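Using the sequences and the hints, build the whole thing.
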Amino acid sequence: MLVQKKAKTLVDATQGVIWKQLLRFFYPIALGTLFQMLYNMVDAIIVGQFVGKEALAAVGGSAFTLFQLLVGFFTGMASGATVVIAQFYGSRNRENVSRAVGSTMLLAVVLGVFLSAIGLLLSRHALLWMNTPADTMEMSVLYLRFCLCGLPFLLFYNMGAGVLRAVGDSRRPLIYLIITCLLNILLDLLFVALLGLGVSGAALATVGAQLISAILVLAALMTDDDCYRLRRQHFRFHPILTVSILRIGLPAGLQSCMYSVSNIIILTAINGLGTDFVAAWSGTSKIDCIFWMLITAFGQALLTVIGQNYGARKYDRVSGAIRACLLMSLIMTTVVGGCMILFGKYMMMLFVNDPNVIRIGANIFYFFSPCYYTYICIEILASSLRGMGDSLPPALIILIGICVLRVLWVWFGAPLVTVWPAWIGVCMSYPISWIVTSLCFFVYFPIKFRKLREGRLLERGTVDPL
1 MLVQKKAKTL VDATQGVIWK QLLRFFYPIA LGTLFQMLYN MVDAIIVGQF VGKEALAAVG
61 GSAFTLFQLL VGFFTGMASG ATVVIAQFYG SRNRENVSRA VGSTMLLAVV LGVFLSAIGL
121 LLSRHALLWM NTPADTMEMS VLYLRFCLCG LPFLLFYNMG AGVLRAVGDS RRPLIYLIIT
181 CLLNILLDLL FVALLGLGVS GAALATVGAQ LISAILVLAA LMTDDDCYRL RRQHFRFHPI
241 LTVSILRIGL PAGLQSCMYS VSNIIILTAI NGLGTDFVAA WSGTSKIDCI FWMLITAFGQ
301 ALLTVIGQNY GARKYDRVSG AIRACLLMSL IMTTVVGGCM ILFGKYMMML FVNDPNVIRI
361 GANIFYFFSP CYYTYICIEI LASSLRGMGD SLPPALIILI GICVLRVLWV WFGAPLVTVW
421 PAWIGVCMSY PISWIVTSLC FFVYFPIKFR KLREGRLLER GTVDPL
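Quick note, in the working numbering, the sequence shown goes up one by one and the last residue is 466.
By construction, these hints were calculated from the structure, which means they are not laboratory data. All values reported here derive from a predicted model rather than from experimental measurement. A few of these clues could be false.
Unchecked claim - Dumping the calculated DSSO-like pairs for lysine-lysine here, alpha-carbon to alpha-carbon at most 30 Å: (1) Lys20 x Lys451; (2) Lys345 x Lys451; (3) Lys345 x Lys20; (4) Lys20 x Lys448; (5) Lys448 x Lys345.
Claimed, not checked - Computed Cβ-Cβ distance ranges for the label pairs, DEER-style: (6) Pro421 x Glu138: 26 to 32 Å; (7) Met137 x Pro421: 24 to 30 Å; (8) Ile178 x Gly413: 39 to 45 Å; (9) Val243 x Leu122: 38 to 44 Å; (10) Met137 x Pro415: 21 to 27 Å; (11) Cys371 x Ala422: 43 to 49 Å; (12) Asp225 x Leu396: 37 to 43 Å.
C-beta atoms are modelled at their ideal positions from N, C-alpha and C, and glycine is treated no differently.
Below, the structure written as structure tokens:
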């Protein structure tokens with residue numbers, strides 16, 4: 001009975017109408033990522049309202065950007081586990097599913113502890129390098145160090161949720177995020193609003209919520225009576241499977257880091273514009289996360305759908321999923337971008353009451369909202385290739401097209417743009433890099449996909465479950 005009951009919660013993406021199956025993955029992932037976004041948004045709202053704009057700049061500025069670098073790396077690593085397990089699950093290779101789960105969760109523990117320790121040692125130096133404003137430096141260091149203590153919990157949850165999604169269970173990760181998000185809000189109000197602990201209270205609330213999410217996903221993996229159960233004998237590094245996870249996950253993780261590294265360099269330039277602009281950037285970045293969380297959810301949903309169908313050798317369903325996901329992403333971008341243009345000013349009032357900060361934030365929304373269209377193909381095509389096991393070339397394309405080009409623009413191009421305010425020159429690095437990278441994918445993707453579909457080439461890093 002237990003096995004039958006659990007089976008009803010799993011989605012077999014190799015059967016049924018492809019766009020409906022894609023949405024069955026997307027909705028829980030989208031809601032889950034939105035709740036995950038609320039962790040930092042609630043921190044920012046409560047800190048901005050109860051402490052001040054300096055605290056808002058500390059919670060949403062340099063410290064947040066550095067922390068997101070590590071979060072992005074973890075998300076990419078989790079995608080490696082999702083692809084490997086989804087392909088084995090699609091081919092009905094139950095023994096390798098179990099082994100891959102054991103390797104995945106041990107990798108989460110080891111990486112989480114290691115990166116947390118490195119981050120604690122280098123946190124102040126990194127914030128100094130980013131030209132963090134002096135009046136927010138100590139609060140930024142405090143917030144970042146508290147959050148780094150929760151990194152192992154965050155990675156463990158992300159990897160565990162990736163396992164569940166790979167086998168078609170996107171419902172429970174959503175439930176866990178809802179629980180922990182509500183807990184985070186309550187702890188924020190307790191620590192910041194009632195006890196007056198400031199940014200350290202906001203960080204403690206986030207770490208506490210992350211700990212609970214890790215416990216919940218661990219309980220799910222250890223109690224389910226199915227092939228993805230975390231078994232003691234498989235809780236070790238299986239060399240071939242671990243290498244497969246790293247081959248796909250490491251480039252994806254580094255790809256996410258590239259975004260964050262380029263954003264760090266841009267934020268270094270933003271920090272030079274003063275506390276008001278940093279505070280406005282912090283507020284808009286929290287709302288801007290709505291778009292990024294939704295487009296990432298489409299990418300993660302596509303990753304699982306393609307992983308299962310590629311493992312089952314159903315290439316027509318792979319191409320159908322890509323087309324459907326591109327169309328739905330286009331519709332989502334239109335709705336989200338329009339809302340930011342119309343209501344961005346009022347959204348900023350959630351974070352701060354300073355009129356100048358609100359005005360700057362509204363201008364940032366007006367600039368970025370139309371630019372989102374230029375990014376859609378990057379996320380969808382890169383996720384599609386990763387789902388088929390091709391992870392390194394997309395990461396290299398993004399390295400050159402986004403990270404390198406964006407940095408070169410900020411250093412050499414932006415200073416030449418003198419007809420507009422300085423912040424526009426800096427922000428132009430985003431659409432310029434997105435357009436160039438999209439063009440690169442338009443050239444690379446059809447060639448690679450044709451070879452994979454015809455079954456004439458298995459790229460290095462591709463997991464063949466058969």
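Quick rundown of the hints versus the structure:
1. Proximity of Lys20 to Lys451 is assessed by CA-CA distance (about 27 Å); at most 30 Å being required, the pair is judged to hold.
2. Pair hint Lys345 plus Lys451 does not hold up; C-alpha atoms about 48 Å apart against a cutoff of 30 Å.
3. Restraint check for Lys345 and Lys20: the C-alpha separation of about 35 Å exceeds 30 Å, so the hint is violated.
4. For the suggested pair Lys20 and Lys448, the alpha carbons sit about 26 Å apart, so the restraint of at most 30 Å is met.
5. Between Lys448 and Lys345 the alpha-carbon distance is near 44 Å, which puts this suggested pair outside the 30 Å criterion.
6. A C-beta distance of roughly 30 Å is found between Pro421 and Glu138, which places it inside the suggested range of 26 to 32 Å.
7. Evaluation of the 24 to 30 Å hint for Met137 and Pro421 yields a pass: the beta carbon distance comes to about 26 Å.
8. Separation of Ile178 from Gly413 is about 43 Å and conforms to the stated range, judged on CB atoms against 39 to 45 Å.
9. The supplied range of 38 to 44 Å is broken by Val243 and Leu122, whose beta-carbon atoms lie about 28 Å from each other.
10. With their beta carbons about 26 Å apart, Met137 and Pro415 fall inside the hinted range of 21 to 27 Å.
11. The given range of 43 to 49 Å is broken by Cys371 and Ala422, whose C-beta atoms sit roughly 18 Å from each other.
12. In this structure the hint that Asp225 and Leu396 lie 37 to 43 Å apart at CB holds, the actual value being about 42 Å.
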